Every structure is written in structure tokens, then in C-alpha cells.
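For the sequence shown, our numbering begins at 176 and goes up steadily by one.
Since the hints were derived computationally from the structure, they do not count as laboratory data. Since this is a predicted model, take the numbers as computed values, not measurements. Warning: the hint list may mix true and false statements.
What the hints assert, rightly or not - Using 27 Å as the maximum straight-line C-alpha spacing, the simulated BS3-like pairs for lysine-lysine come out as follows:
| no. | residue 1 | residue 2 |
| --- | --- | --- |
| 1 | Lys312 | Lys323 |
| 2 | Lys249 | Lys323 |
| 3 | Lys308 | Lys323 |
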Amino acid sequence: MSHMIIGLFGMILSVWSIMASLILMDFKFDLVVTTCILYTSCITLCFSYLLFCSALTTLYIRLPAEEMPFSGVKFYVVFFAVFHLGVAVATVHLSNRWPIFPMFIIFSFFLCCDFYSCLFADCYMLCVHRAFKSSMKTIQPIDGIIYKVAVRRIHVEAKQLPQDGFMFDDELQIDDKWLEYKKDKESFFWS
Numbered sequence: 176m177s178h179m180i181i182g183l184f185g186m187i188l189s190v191w192s193i194m195a196s197l198i199l200m201d202f203k204f205d206l207v208v209t210t211c212i213l214y215t216s217c218i219t220l221c222f223s224y225l226l227f228c229s230a231l232t233t234l235y236i237r238l239p240a241e242e243m244p245f246s247g248v249k250f251y252v253v254f255f256a257v258f259h260l261g262v263a264v265a266t267v268h269l270s271n272r273w274p275i276f277p278m279f280i281i282f283s284f285f286l287c288c289d290f291y292s293c294l295f296a297d298c299y300m301l302c303v304h305r306a307f308k309s310s311m312k313t314i315q316p317i318d319g320i321i322y323k324v325a326v327r328r329i330h331v332e333a334k335q336l337p338q339d340g341f342m343f344d345d346e347l348q349i350d351d352k353w354l355e356y357k358k359d360k361e362s363f364f365w366s
């Protein structure tokens, strides 16, 4: 989960750096410096995305439904929405490149919501990729869940696991059969 949090944080910083460099270009700041910031931010965005996603792996992380940011009205989602709406209004007035800024701000909004929900999630499920949705209910493990994991830093005071069937993230030993990446017809992710 820590690689997802680092990847989301890197993408948020990259998006805001891209927007800052575009605004600085509009204010006729040094073109070489702003272009270097822009290119560095784009490269950082790509590397951060690779940290966040599950490319070339057979496993991915899924939050429980109640921990997902858009399952019901949550205060932090409303807060991020109001904040990003204010920034959107400000950037439209600051820059003549206004068509691209709402896209970056919407992207930043979703990244911030995901970052917050991953940062404060007390548990998650480690799942195996499936080629087809129909195979989620027919092939073992059902729903693709191979491990239910509790985050130790959230449960510091707790000496026991929050629920049965969970294990702490720092004690997790993943079986090698789940880590093998096979290039065959069934594995279509990023191949």
C-alpha cells in the first residue's frame, strides 16, 4: 500500500507543478526554468503512475467499499471539491490557458480523494487480476481476494486484528505463486 500512497502523492505534486509552470509561463517568467519544471513534472507524473498502478503484476490492492472515497457523502471529498472549485475559478482568471486547467484540477481532485482514502484506510484486500469479470465468481479465490490485510500504523494500540481472516501488513508473507507474472492469453494487463 505504501507504493500506492507514494505514487498518488507524486502524481498530485506533479499535476500542481505542471499547473504552476504553465501559470509562470503566462506571467513571462524565465522560459528555460519553467520548461524544465514542466518536463520534469511530466516525467515524474509518469513514474509516479507506475508506482501507483499494478502494471506487469498479477496482484492489485482493493479498498473495502466503506473506505472508498465516493461510496456515500464524506467530509474530505466535499472539502477537496470546494477547494478545487476555488482553485479552478482562480486559474481561469489567472491564465489564458484555461481549457487545460479544469482537466488538471479534476485530475487533482480525484488523486487527492484517493490519496486521503489510502492514507487513512485501516484495512485493504490484496487481489489477483482476472481476465474476465465472469471468472471472479467461478475461479478460486472467489472475488479474486487472496489476502485481507490490516494496516499496522492505524491499529497501533490494538494487540489483536480488527476482524477474523485479516493479517497485519508488516507480517504479510505472499506466496510465490501469486507473484509470478505469466504472459499468456489469460493475462492481458499491460502485455
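Hints, verified against the model:
Annotation: proposed proximity of Lys312 to Lys323 holds, straight-line Cα distance about 18 Å (limit 27 Å). A hinted pair counts as satisfied when its Cα atoms are at most 27 Å apart, and Lys249 with Lys323 qualifies at roughly 24 Å. Distance hint between Lys308 and Lys323 is fulfilled; the C-alpha atoms sit about 20 Å from each other, no more than 27 Å.
Consistency note: the structure conflicts with none of the earlier hints.
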